[in-house]
Every structure is written in C-alpha cells, then in structure tokens.
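Assemble the whole structure, with the sequences as input and the hints as a guide.
There are 2 protein chains.
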Amino acid sequence: MPKEGITPRAQDYSQWYLDIVQQADLADYAEVVKGCIVFKPTGYAIWEAIQRGLDDRIKATGHVNAYFPLLIPKSFLMKEAEHVEGFAPEVAEVTRAGGEDLAEPYVIRPTSETIIGYFYSKWVRSYRDLPLLINQWANVMRWEMRTRPFLRTTEFLWQEGHTVHATEEDAERETLLILHDVYADFVEKEMAIPVIKGLKSEKEKFPGALRSYCIEAMMQDGRALQAGTSHNLGQNFARAFNITYTDQHNTIQYAWTTSWGVSTRLIGALIMTHSDDEGLIIPPRLAPTQVVVVPIYRNDAERSVVMETVQRMTAEWKGRLRFKIDDRDNLTPGFKFNEWELKGVPIRVEIGPKDIEKGSVAIARRDQPGREGKSFVPQDGLTDRLTALLAEIQQALYQRALTFREDHTADVATYDELKQQVERGFARCYWAGTTEDEKRIQEETRATIRCIPLDQPQRAGRCVYTGKETSQQVIFARAY
Amino acid sequence: MPKEGITPRAQDYSQWYLDIVQQADLADYAEVVKGCIVFKPTGYAIWEAIQRGLDDRIKATGHVNAYFPLLIPKSFLMKEAEHVEGFAPEVAEVTRAGGEDLAEPYVIRPTSETIIGYFYSKWVRSYRDLPLLINQWANVMRWEMRTRPFLRTTEFLWQEGHTVHATEEDAERETLLILHDVYADFVEKEMAIPVIKGLKSEKEKFPGALRSYCIEAMMQDGRALQAGTSHNLGQNFARAFNITYTDQHNTIQYAWTTSWGVSTRLIGALIMTHSDDEGLIIPPRLAPTQVVVVPIYRNDAERSVVMETVQRMTAEWKGRLRFKIDDRDNLTPGFKFNEWELKGVPIRVEIGPKDIEKGSVAIARRDQPGREGKSFVPQDGLTDRLTALLAEIQQALYQRALTFREDHTADVATYDELKQQVERGFARCYWAGTTEDEKRIQEETRATIRCIPLDQPQRAGRCVYTGKETSQQVIFARAY
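Heads up: the sequence lines are chains B and C, in that order. Under this note's numbering, the first residue of the first sequence carries the number 536, and numbering increases by one thereafter. Under this note's numbering, the first residue of the second sequence carries the number 536, and numbering increases by one thereafter.
Bear in mind the hints are in silico, worked out from the structure with no lab data behind them. Treat each hint with caution, since some may be false.
Below, computed lysine to aspartate or glutamate pairings styled on DMTMM-like, alpha-carbon distance capped at 20 angstroms [what the hints assert, rightly or not]:
1) B/Lys853 / C/Asp591
2) B/Lys859 / C/Asp590
3) B/Lys859 / C/Asp664
4) C/Lys657 / B/Asp554
5) C/Lys853 / C/Glu885
6) C/Lys609 / B/Asp636
7) B/Lys657 / C/Asp563
8) C/Lys609 / B/Asp554
Set out below in structure tokens:
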C-alpha cells in the first residue's frame, strides 16, 4: 500500500523525489527568492554529517580551512577566457550598496577560483610557500533557469578546495588524492553510494580546467549524478592571476593550481540512491539519528515502567550510538513509526509492557520495510547487537546500490544499443568521437559522456559512433 | 625589547592590534572588495574553535541548525519600522542576475529576522509547533563606512538564532537562557574573557527589539566590546510577518520571537583581551594548537636521537592534547620560537640532546614571556603536567583579564568623574536620564551606556547626569 503523500517511484520518479523532500521535512521552497530553498533542520543535519565526514578527510590529507569574500569584482571573472564563458551568464550582480551605485559591480561568487587566485598571487612568493593547500566551506550562487531541491538551486552550500603547486605532477597528484582519498572514500564508505571515478570529456570539463576528474553515481532511475569534481587547472588561473614563485634556481615560474568541490547536491544523491516508497533511508554511518526508541504504553502506570526500562537500556548507548527516545505523549506509536520511517532512521526499537515481561524488544530495520525487517531480540546484549546491525545495514545499502548499478550498466557496441541502454542506465562503450559528435548524441539521446573511467580495458575496440579503433572506453548516460 | 613588526601597546594600541592581526597571520585585507578581509587559515582555525564551542552549547540547550537564503526581497526589510531604519542604509543590493535586470532588487542579508519571519509564518500553525528553536551559521553583509579586521567588516561570519514562543515569558526565558548558558558560559569558560551581562538602553537596542541583552567585555585599552547580544523581539516581527498560532482554546494569537547572535568579532575580542607585545595569546581551551614541540639539533645524528624521543614522548598525547611537532628543517629554533609566540600557542616544549641526557624538557608558557614562564621538567609524567599547566594558564588568563577590568572600573557620582573615568575604563553610575541625555553624553565624551547590568545594587542613588534619585545603575564606556 503506498504511503500517504508519497507518489510511488514506479509511477513518477520525479514526483516521488519531491514528495520525499517534503514528507521527510528536508527543505522548503523559498518561492520569494528565485530558485532557492530553505534547508530545514532535518535536511541541514544531513549536511552537517556530510561536512564532518568530509572535513575530517580534508584535514587528514593536509589541508586547512580559510574564508574568502562572497563578492568578486566583476572584472575578475573576465580574466580567464573559458571561465567567463562558463559562469558570466549565470551570476547575480551587486550594483548598489550603502545607498549608492557602485562604480564597478560585484558578482556573488559562483565559484571562487578568481578571487582566491588574486590572493594567492600575493601570498605565493617562493617554492618554500608550496604546496598551498586551502579549503573553504561557503555558499555560492548560480542563477539557474530550472531548479530542483538540493540538485540544482540558485544558492547552494559546498566546500571548494584551492591549492597551488610547483609542478604539474604535484598538481595532478593532488587532484587524484582528493578524488580517491577524500571524495570517493567518503561517498562510498559513509554515504554507501558506489561511484565510478573518471575523467570528464572536453565538453563536460570545468570551464578553465586542464583536466576535470569526477565521481559519478547511478540513481534509482538509471540516470547519473555527478557527486564531486576535482580539477587540475594547469597554469590557466596562474597565468590569469599571475600566481608565480621563485624556484630553487632563482627562476620565476608560473605555479600549477587545482580546485575541487562537493555540494549540498550530495543530499539529492543520498535520497535517490537509497530511499523507497516509504520515505527517506539514511545509511547508518551518516545518519544524525541511528536508532529511535519508541516506548509503547496505554496509561501512566505502563508509561513509568516502560520509560524506566528505556532509560536503563539506553544508558550505555551514550557515546556508542546516536539515538533518540521518542517519548512525545500526544502522538500514537503508529504516528511515530510513520514519522521515523519517512525521515529514514536506520533502526527503530519498540518496547512495551509485554516486551518487558519477556526481557526483549522489537527491532525494525528501515532498509527492509514490513515484516521482513522486523525481529524480536533479548534486551541483554542489545547495544552490541544494534552496533553490529548498523554495520550490516550500511553494508547492505552499499551492496544493493552496487548491484543495481551493475544490473543497469551494459557494454554497447552500436549507436542503436547505446540509445536503448541510456533509457535504463549506463552505456559503457569505446569512444573515439569528437566534442561535436558528443553534442550530436546529446541532442538525439539526451545522454552525455559522464566520464572516462580510470579503470580502462586491456584491449582496444571500435568507437560506438565513429567505428574508429580506440582503447578508450567511456560511460554514456542521462544525468541530473 | 619590542618584537619586530609589532608596535608596543603603550605606544599605539590601535596599530598594535593591526600588527597582531598581520604578524599572527590571522587575516589579509581584501582591498579589492570594500571593507572585507580574508580569514586566513590561522584566523579561521580560531573561528572553527569558537563555532564548535558555541554549537555544542546551542544544541545542548535544545536548538537545531538550519539554513535560510542569503538574499532577501528588499520589500521584506521595510515591514518592521525600526528594523528598516536600522539596516536599510547599509545593505548591498542585487539588481541584476542571469544577465537581466530584476523587477524587485534583493538585499544580501544584514541579519535574517525578516526572511526567517516569512518562513516561520508558514511553519507555525498551532501551539504544538512551539517553541520553534532554530539557529543558523551564515555570512552576512553590512556596508560599513569604517572597517577594522574582525571588529567591523563589510562581510562577516556569525550564528543567528531565531526562535518562536507562545508567550512573552517563554520568549524572555529563551533570551536569558542564551545570554547565560550559551554566550556568557562560552566566552568566559572557553575564551577566558570575563563579561558583564546586562540590558541595552533604548538607544543601543537592536532595531525592532523589545529588549536587547548583551555581554560586554573590557579590552586592554579600557574600551568596551559587545561580545554577544540576545534579543526579545516581543511581537514586533510576529506582527510584521504574521507569525500566528492557534492556542489551546482555539484562538489565534501572535507569537513571540527572539533572535541572538555572536560573530567573528569575537576573534577581535580575543586578541584585545589576552595578547601582548610579543604577539597573540590564545587561551588553552580554545587554542587549535595547545602545545608546540620544537626539537633542537645541529646535525642528522642529533636529529634522529631527538626526533625518536619526541615521537615516543608525544605518542600518548594523541586524544589528550592538541599539539604540533615543528620539525621543519630549514628554520632555526629561534625562528620557530618567534613564530609560535606570534601565533599564541599556550605552551612550547623544547627538547635537545642535553635535555635527553637529563631526561627532561624545557617548557615555555606563552602567557609569561621570557625567563619567568620557562622551566625544566622531567619527561616522566609530562602529559599530566602539561594538562595541568594548560588548565592553570586558562585560569590565569581569565583572572588577569578580570583583575584588569576591576582595576579599570570605577563608580562615579558626577558627570566630571564620568568624563575622566571613560578615558581609562568603565564608569559605573546611577542613571535616570533620557535617550537624549545619552546622546549628549556620547557627543561630549564618545562614551555610551554599554549596558544596564543584570546585577543591580541594593540601594538607590542619584543619577550621574540629572541628579534624580534612581535605583538603576549603568555602565558607561567608549566602545569598539
């Protein structure tokens, strides 16, 4: 039976997504501010968990945080040719301030390569100042035409790393370190979302980058979602902003820079990887609340007995589990079950007078709705059991998503096969086409090259479009 | 001997402050973005420590975080009469976006009462929805004429809490809870800055508030710095934005709201409370790095012996102390000592071949520069000794600041005494004057009523300005 307020996925995936956002109370439309949303407490708590997991990894790999201005002089955007083309059409401009018209407008940062490049040109003097490894947590703004909660909003939250290196090798190593040890590691281990690591095609790379790497995930409708990008910017921004250093031989050299970011769209990826027709599903390692305890009672006498057991039982959970006791008096257990299912809490523990008699509790796994995921277990050893179960759920969610992706990925040898495959998932194929070919395919199929996977085949084959022999494989898919 | 690059406080306190900001590498001027600074990694790490301490307390008192849009329709600002007067003159306006002129400009939030009020009016329906207790970490912008790093910048970072309550009593309780249990508790315990809790005068209160409470600290030049404010907004914003709820008797009522904030100006307060002519001093509980170890050696053989001891010694520090080992090879110990003094690390541990022979290390306390703060202690039991010393330094810094404030606070009975006292610190006096009187005093002395302390005297006295009998005392001071 479909849940009230949630359109089944099979019926309308797009509407299902919007229903989950609303029913799990993740966001509200800020209809008075074009294309913006309010990140409501339940949604923002997920972002805080994402921030913590990423920030730990960003710092563990030697980076430090800083904060640069929100406003960028408009002329800065013009200094890198591809960059201005990519971002100038979608900026918001500040033209008045303090009651006066400004001589030069500012733009609200769509991304900060330019303003940070300006400061780096002041800070970097010698090879001894390198590498410079800085990250920023910030809001950014891109005036998008079509928006969608978390996936594409005018204002969004993200982290953007910006680093400076002495050599191309150092910059490339940094770009890949972030891709592997920060982004893929976090998204796969904490968010239980399997990703394909790869290189972007020329058409899809970041405006101003030499090479863009990415992690791509598959959503439940078979479409791809770019979950993070890491760019080797080459010397493009160093030349535009004059970031130079004196090397060991006292020669002035242009530096090599990188930038990399993930954003609140990861919340969208989370929803569309794991959730079901019952509501949100959050993987245990990321979940702000891992276990919710719902005490069951019909009167004050029962309430006091049950709550006493609940308090005793949960005393040793502190510091080991993130949990909530839902002791709201004005709501029925059924209402509470529904609410926590909607909000995606991995495990629900139910306990009533009969359970207390038996020394047991009922456990319900969010990832297995209905009877299948329900069991009765002894109160003795419950903490260890829950800890183990959380790990099991984490693994199960990852495995389920991986199996889904594998089931919806196929090797295609002809353009016709490609057209069919992108209707249901990822099409893996040999590719030796041009950017123009890629554009034509996009027009005809709405699919683009999501990435050139880092894992490449041993043998050569024939390009799916041109028939040319090549050793390069790519993934075509429709994307969010 | 004054330190290179730092103007002594006695010579020019204002320049000393700017020198500390630069020499401790806390911020850079963003001269290309009016009145903005870059929060450099060393400065931003202090803000991260402040965020952590405050966020813990904000959550422990039942609040959750959320995120609202950066942009506010300009018309929203006009809905509360005092509020528009206070903020409209200093906003930055977005008039173009996506290449087109906007029909209605947006302002970049100078504070978020209006936009949040708009959403609260949608979210609050019944008394069951109350209290609504939300906090936001965000950047805000006020187009200031005269700016100063951390103390007053066009863009700054802060948290702003916004809550909704059913009754005036609930709103008042919330306002004071934040003042006592979040702001004063954090600033005194973690930052070691003693504060006076009080009420703002009508002249100084937040535009649109019923009552503004604050914590006021004294800087080393005797001037006051407002370190945090907590506002009972009454029903002003509820009426302006139609935030109503249905009460238990099914009657529609206007709600009561509060707002409260502290900002990156706390970093300025930190500098001007504790630091000295040698550089920054950070209290141990807040310090991103509490202990720095400087190994001393003249050759590779000595280096390997010393580093082995350092590794062994610090192995048990992990999880107990926040520490750094400064093993940079291209710098002299003297250079390193100077750098960590400038950056305010509470304890320096020096260890060389002679110390290893003796089984000891040298310890230098940052709060007691020179010989006074230096001692030689055994390596055995060092972790406990350092832990105890950090607590001692924390307490000593608080006590020093408190003694300074007490020495620079005086009761004044006449306007002449007040004039003299505000040259050196806080003037405490009876007050029964008007807002006009306060303005006149400000013109003549540059001092204002910093607050009406919550601690009030038992007996009445005569107003310092009007001579009227009153039981109300206030603090006059010049302020940052």
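Each hint tested on the structure:
no.: 1; hint: B/Lys853 / C/Asp591; result: holds (16 angstroms)
no.: 2; hint: B/Lys859 / C/Asp590; result: holds (19 angstroms)
no.: 3; hint: B/Lys859 / C/Asp664; result: holds (19 angstroms)
no.: 4; hint: C/Lys657 / B/Asp554; result: holds (18 angstroms)
no.: 5; hint: C/Lys853 / C/Glu885; result: holds (18 angstroms)
no.: 6; hint: C/Lys609 / B/Asp636; result: holds (16 angstroms)
no.: 7; hint: B/Lys657 / C/Asp563; result: holds (10 angstroms)
no.: 8; hint: C/Lys609 / B/Asp554; result: violated (31 angstroms)
Violated hint: 8 only; the structure is consistent with all others.
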